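Chains as they are written, first to last, in the numbering used here: chain A, 1 to 172; chain B, 1 to 412.
Hints are not guaranteed to be accurate.
[What the hints assert, rightly or not] Each pair of labels, with its calculated beta carbon distance range:
no., chain 1, residue 1, chain 2, residue 2, range
1, B, G211, A, L88, 40 to 48 Å
2, B, E320, A, L23, 23 to 31 Å
3, B, I326, A, L23, 17 to 25 Å
4, A, V24, B, I71, 19 to 27 Å
5, B, G172, A, L23, 51 to 59 Å
6, A, E58, B, S219, 24 to 32 Å
To be clear, the hints were calculated from the coordinates, so they are not data collected in a lab.
Model, not experiment: these values are computed from the prediction.
For each residue, glycine too, the CB sits at the ideal point set by N, CA and C.
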Amino acid sequence: MEMIFLSGFSVFRPEPGMMFWALVFFLTFWFLVSKFGFRPISNYLRTREQSIQDALDEAKKARAEVENMKSENEKLLAQAAQERAVILKEAREMKEQIVSEAQDKAKDEAQKIIASAKMEIDSQKNAAIAEVRDNVGGLAIEIAEQILRKQLGSDAEQKSFIQKLVDNAKLN
Amino acid sequence: MKKIHFFKVLMLALFVSFGVVGFAQHGEEHQAEEHAGKEANSHEEEFNLAEEALAHIANANAIHVFGDFYIPLPAILYAPGHGWTTFLTSKFDAHHHGNGEKAIDHYVMKHGVIHRIADESFPYGEVNIDGFTHGKIEKDGQEKEVAYAVVDGKNYLLDEKTTLDGGMLGGGKTSYMDFSLTKGAVTMLLVLLLFFWLFRAVAKGYEKNEGKAPSGVQSLMEPVILFIRDEVAIPFIGEKKYEKYFPFLLSLFFFILGLNLIGQFPIAGNVTGNFSFTMVLAIITALYVNFSGNKNYWEHVLWMPGVPSVLKVLILTPVEILGVFIKPFTLMLRLFANIAAGHIVLVAFVGLIFIFGHSGESVGGAVGGTVMAYLLSLFMMAVELLVAFVQAFVFTLLAAAYFGAATEEAHH
Numbered sequence: 001m002e003m004i005f006l007s008g009f010s011v012f013r014p015e016p017g018m019m020f021w022a023l024v025f026f027l028t029f030w031f032l033v034s035k036f037g038f039r040p041i042s043n044y045l046r047t048r049e050q051s052i053q054d055a056l057d058e059a060k061k062a063r064a065e066v067e068n069m070k071s072e073n074e075k076l077l078a079q080a081a082q083e084r085a086v087i088l089k090e091a092r093e094m095k096e097q098i099v100s101e102a103q104d105k106a107k108d109e110a111q112k113i114i115a116s117a118k119m120e121i122d123s124q125k126n127a128a129i130a131e132v133r134d135n136v137g138g139l140a141i142e143i144a145e146q147i148l149r150k151q152l153g154s155d156a157e158q159k160s161f162i163q164k165l166v167d168n169a170k171l172n
Numbered sequence: 001m002k003k004i005h006f007f008k009v010l011m012l013a014l015f016v017s018f019g020v021v022g023f024a025q026h027g028e029e030h031q032a033e034e035h036a037g038k039e040a041n042s043h044e045e046e047f048n049l050a051e052e053a054l055a056h057i058a059n060a061n062a063i064h065v066f067g068d069f070y071i072p073l074p075a076i077l078y079a080p081g082h083g084w085t086t087f088l089t090s091k092f093d094a095h096h097h098g099n100g101e102k103a104i105d106h107y108v109m110k111h112g113v114i115h116r117i118a119d120e121s122f123p124y125g126e127v128n129i130d131g132f133t134h135g136k137i138e139k140d141g142q143e144k145e146v147a148y149a150v151v152d153g154k155n156y157l158l159d160e161k162t163t164l165d166g167g168m169l170g171g172g173k174t175s176y177m178d179f180s181l182t183k184g185a186v187t188m189l190l191v192l193l194l195f196f197w198l199f200r201a202v203a204k205g206y207e208k209n210e211g212k213a214p215s216g217v218q219s220l221m222e223p224v225i226l227f228i229r230d231e232v233a234i235p236f237i238g239e240k241k242y243e244k245y246f247p248f249l250l251s252l253f254f255f256i257l258g259l260n261l262i263g264q265f266p267i268a269g270n271v272t273g274n275f276s277f278t279m280v281l282a283i284i285t286a287l288y289v290n291f292s293g294n295k296n297y298w299e300h301v302l303w304m305p306g307v308p309s310v311l312k313v314l315i316l317t318p319v320e321i322l323g324v325f326i327k328p329f330t331l332m333l334r335l336f337a338n339i340a341a342g343h344i345v346l347v348a349f350v351g352l353i354f355i356f357g358h359s360g361e362s363v364g365g366a367v368g369g370t371v372m373a374y375l376l377s378l379f380m381m382a383v384e385l386l387v388a389f390v391q392a393f394v395f396t397l398l399a400a401a402y403f404g405a406a407t408e409e410a411h412h
């Protein structure tokens with residue numbers, strides 16, 4: 001034990017001189033190196049990390065935006081396809097409608113034409129029949145006149161004929 | 001990848017071998033001095049491993065580079081009644097083992113450390129001294145080893161510098177105080193300047209490479225800074241408040257780490273294994289923590305909510321108040337003990353050379369000791385490198401945990 005406390009050995013003892021210099025040099029170190037070293041370094045590290053973080057965030061945001069756009073595009077495409085289908089369907093329906101309408105119309109028209117044609121035919125027929133009747137009547141009268149003229153050459157004959165006519169008329 | 005690994009191993013091996021050579025050199029030199037001492041003072045001195053190890057981790061007033069070459073440092077001394085004395089320690093004319101050949105205004109240098117001759121009959125100014133000797137005196141009923149300066153055949157008792165332990169750890173108030181820029185202080189200054197330059201370069205790198213990937217020293221330090229931030233500061237203090245304490249935590253980490261690492265070099269000072277240094281760091285941390293304490297923290301310390309009053313008064317409050325002081329105390333002790341112990345073990349392993357060689361008398365023993373010392377020191381230095389990082393990290397981590405506890409919001 002005595003060995004440790006040999007003269008001249010002062011590491012174990014608090015010396016005011018060493019403590020003074022330790023205080024001065026550590027405080028100076030703390031002040032100088034913090035001011036010109038640690039603080040600027042810490043700030044640079046922080047700004048750098050911030051900028052890296054910002055860049056990462058931005059990239060993430062951009063990616064999300066692209067993703068968003070893509071999905072929107074897809075949505076638009078799907079919508080367009082749907083619209084196309086609707087339009088096509090409508091067109092088809094319209095076509096069918098137009099065709100059926102046209103058919104109906106054509107049928108109506110045809111019927112109308114047929115009906116008017118029938119009417120015309122009827123009226124023509126009637127007119128023709130009337131004309132024929134007239135013609136036939138006249139002809140019959142003429143023929144009958146001539147026949148009568150020929151047969152009623154005598155008064156007796158005439159009288160019997162008239163009598164016959166009168167009889168007929170009476171019977172009627 | 002394999003190439004880098006090989007390079008690392010090579011560097012480590014070089015580093016360790018330099019360390020061993022450095023220590024070995026010092027040891028040889030010390031041993032040579034012992035012989036010289038024997039002749040000069042006719043005083044029996046054996047190779048004392050404990051003394052050698054403790055002297056190695058001690059602070060000094062000159063930097064021992066190799067052999068008799070010392071880098072002088074400024075001495076700033078204060079003796080009550082005499083006033084301030086300042087000079088360069090080269091004035092002591094120290095050669096062998098940092099023992100000065102001159103006394104300057106009562107001050108002498110022994111083993112690289114300044115002492116003072118308290119005897120007022122001793123003349124002021126420059127005085128040649130013949131050498132140093134040891135003796136034992138009775139003080140407070142205990143035997144104490146003391147040193148004397150020998151001048152003109154007369155022994156003058158040497159005072160040690162004043163320490164603040166009040167005699168509890170063998171120190172106490174003496175006739176002078178030493179505010180010199182010691183080896184430890186210069187090492188701190190060196191680390192301060194080195195890291196100031198380094199982190200300024202890193203900060204400038206961020207300015208220059210804004211919006212680009214880090215390069216050079218910037219990419220070397222960035223993972224460490226981020227590690228302290230993401231694994232220490234944010235988990236313990238929280239995302240919102242960590243920024244206020246982050247520079248302090250980084251300062252703690254890098255100052256301790258720098259001093260731990262530079263302390264691995266044989267000529268540099270052992271600072272983090274010095275009580276005075278760890279005490280100052282622990283006190284600053286404790287003051288900062290407690291001045292940052294919010295209402296919730298003080299409530300938990302003084303009047304723990306949700307606990308019966310009797311328990312609070314009898315147990316919790318005293319324990320919590322004690323804890324406020326124990327926390328920095330453990331911080332201080334842990335760092336100091338780990339680093340000091342590492343250094344002592346390392347010197348002990350190198351000392352094997354001299355123990356096996358019977359202080360140089362047995363060449364075979366010295367060679368065997370060298371081989372053993374080389375392998376053991378290699379292992380120990382690798383462990384010490386790890387400890388340098390771990391202890392800096394642990395100090396920072398615990399400081400962060402204390403800040404976290406002091407600033408935590410109530411969550412009842």
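Now the hints, each set against the structure:
no., hint, in the structure
1, G211/B to L88/A: 40 to 48 Å, "violated, 57 Å"
2, E320/B to L23/A: 23 to 31 Å, "holds, 28 Å"
3, I326/B to L23/A: 17 to 25 Å, "holds, 22 Å"
4, V24/A to I71/B: 19 to 27 Å, "holds, 21 Å"
5, G172/B to L23/A: 51 to 59 Å, "violated, 21 Å"
6, E58/A to S219/B: 24 to 32 Å, "holds, 26 Å"
Violation of the numbered hints given earlier is confined to hints 1 and 5; the remaining hints are satisfied by the structure.
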